[in-house]
Amino acid sequence: MENSRRSFLKLAGISAIGLGTKPVLDAFASSEAHGEKHGPEIFPNQEALTAKRWAMVIDTRKFESEADLDPIIEACNKIHNVPKFKEKRHEIDWIWVDEFKHVFTDLEHEFVDDRLKHLPFLVLCNHCENPACVRACPTKATFQREDGIVLMDFHRCIGCRFCMAACPYGSRSFNFRDPRPFIKEENKAFPTRMKGVVEKCNFCAERLAVGKMPACVEASNGAIVVGDLHDPDSEVRELLKNNYTIRRKTHLGAGPAIYYIV
Amino acid sequence: MLELAFKGGKKYWGLIIGLLVLMGIAFGFWLWQLSFGLGITGMSRDVSWGFYIAQFTFLVGVAAGGVMVVLPYYLHDYKAFGRITILGEFLAIAAVIMCLMFIIADLGQPMRAINVIFYPTPGSILFWDMIVLNGYLLLNIIVGWNVLEAERNNIKYPGWVKALAIFSIVWAPLIHTVTAYLYCGLPGRGFWLTAILAPRFLASAFAAGPALLILLSLIIRRVTKFDPGREQIQSLAKIVTYAIIINVFFFLCEVFVVFYSRIPSHMDHIKYLFVGLHGHSALVPWMWTSILFMVTSIILLVIPATRKNEAVLAFACVILFIGTWIDKGMGMISGGFVPNPLHHVVEYVPTIPELIITLGIWATGFFILTILFKIAVTVKEEVSGV
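Chains as they are written, first to last, in our numbering: chain A, 409 to 670; chain B, -10 to 375.
None of these hints come from the bench; they were simulated from the model.
Careful, some of the hints might be misleading.
Dumping the calculated DSBU-like pairs for lysine-lysine here, alpha-carbon to alpha-carbon at most 30 Å [as the list claims (entries may be wrong)]: (1) B/K214 <-> B/K227; (2) A/K525 <-> B/K260; (3) A/K525 <-> A/K657; (4) B/K214 <-> A/K657; (5) A/K509 <-> A/K548; (6) A/K603 <-> A/K470; (7) A/K486 <-> A/K548; (8) A/K492 <-> A/K548; (9) B/K68 <-> B/K(-1); (10) B/K68 <-> A/K496; (11) B/K0 <-> B/K151; (12) B/K363 <-> A/K509.
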């Protein structure tokens, strides 16, 4: 009796370990060997805007004050159901403004010219070439697409906030409470989030997929341009060729895809 | 052996009930956190990890520190520690369980925690931390339980248990190394971005863990018929002495590199912790208390006369434990987030609910520890026939 119970428990334990470790082992065992494809095939939308490597150029010369930037931020917040909290602690930001000395911490100096000193700069996720957040995420809830856009799966995120610690740009926010009551006017075309997950700018992947430019680009009167960094004839490449641009914290090697013309 | 936990005197049951009450209250607050979200804590967009992760980090050290009694016994055949290896292993079990609870308390979506296994990501250090922590827990449960059971039956533990014990000795430094790697591999956080972080974590672990063991041994001697032994306590004290000196030395190495190189992104955090930054200085008194406690404990531990006096030794261990707790449990995590990546100084102060939940998890750890130690001590009493 004792003996059979013990051997049953052993067997049950071994099976539990087996079931639990299978996905782990699968992760190590490369699955590229599978030749045939099964399941539904997904065709891309013919109108979708695509790029080998998305990048953004922000022409800060076209901005004078925060009033020029508010409509841009507002457009993003509205489309993406970004809540507005009273409590500073719970704040969620996808795109926001800060001063030169805070945005370009390593370029800042005492005698930086007056225009830059007082100009508000837009800050958002840099969609890094080498994203530290993606490296840190333990569930692949945040991931990088082949075209460079760094995205979040809000349904997979466990809310460990490792990505927030990893991001050198402070571009990520966490839902410290249910955001839904704090959304002014809900856009039904984009999901709202639940408490306990991380979110950030998604480069308007949902709009690119249906042939629309990102919301901030549309609201910027030509001050913000996105395009393919790998296409020498793209508008972003044209701008980069003809203007001096800076990026944030390049010494960290993350390879930010947001360029600023100053 | 579990039945031994159900036989105890008034004081034992008083302690058990007291801890259960604390756990119950904290559980209520945790349910509140579960329904409201982590917004009931003091954490923010800028300081996105707080008290929970800090306790987790500190307790990984306590868990790893338990190995300091196991190692001399199994690897150096230091027989005296044979009496107390079980205390080290059971302390490790309680500490690791607290670590896991703090992680769960810190998750925004705890019911999705299993996603770490469903979508395993070997590139993420958190994935490895899950493996080393759970592995260490399992090893200590198996080794501790079997060694104690063998002792109770007056037989030698089987060979495979010794093999696992030696394996757990290798495993112990790993848990704290991996935990340090959670922080020191992040590009934008100057405070953590240093190769000394893992060694520093280990040094403070090998000081705090055995210091707690000394205190627990002294308590056990006082309240039970089992005496962990004077020699054992003195040997542990020497281990603690070396470890705390190395810990402070590593910290000074960091201070030299940071302040001689004068790189602002590395300096600002230490400045914030020890002198305040842009008028924000919530942690300054705490950090200096920590330094004062650690240095005082070094003086008391280095001098043989004070170290050999058990009352003074107990005092030294208490302030050492508090000192290393402040250093890791308060400064290490907040310090890394202040100033934030945009060089704004946003301070973090834990809220009352956050503190109660924290206290509840500590109480759970002590609850587990009390039960495990009760079992171990009863077996020891039985065997020696007192």
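Status of the hints after comparison with the structure:
no.	hint	result
1	B/K214 <-> B/K227	25 Å, holds
2	A/K525 <-> B/K260	25 Å, holds
3	A/K525 <-> A/K657	18 Å, holds
4	B/K214 <-> A/K657	63 Å, violated
5	A/K509 <-> A/K548	33 Å, violated
6	A/K603 <-> A/K470	37 Å, violated
7	A/K486 <-> A/K548	27 Å, holds
8	A/K492 <-> A/K548	28 Å, holds
9	B/K68 <-> B/K(-1)	34 Å, violated
10	B/K68 <-> A/K496	58 Å, violated
11	B/K0 <-> B/K151	35 Å, violated
12	B/K363 <-> A/K509	59 Å, violated
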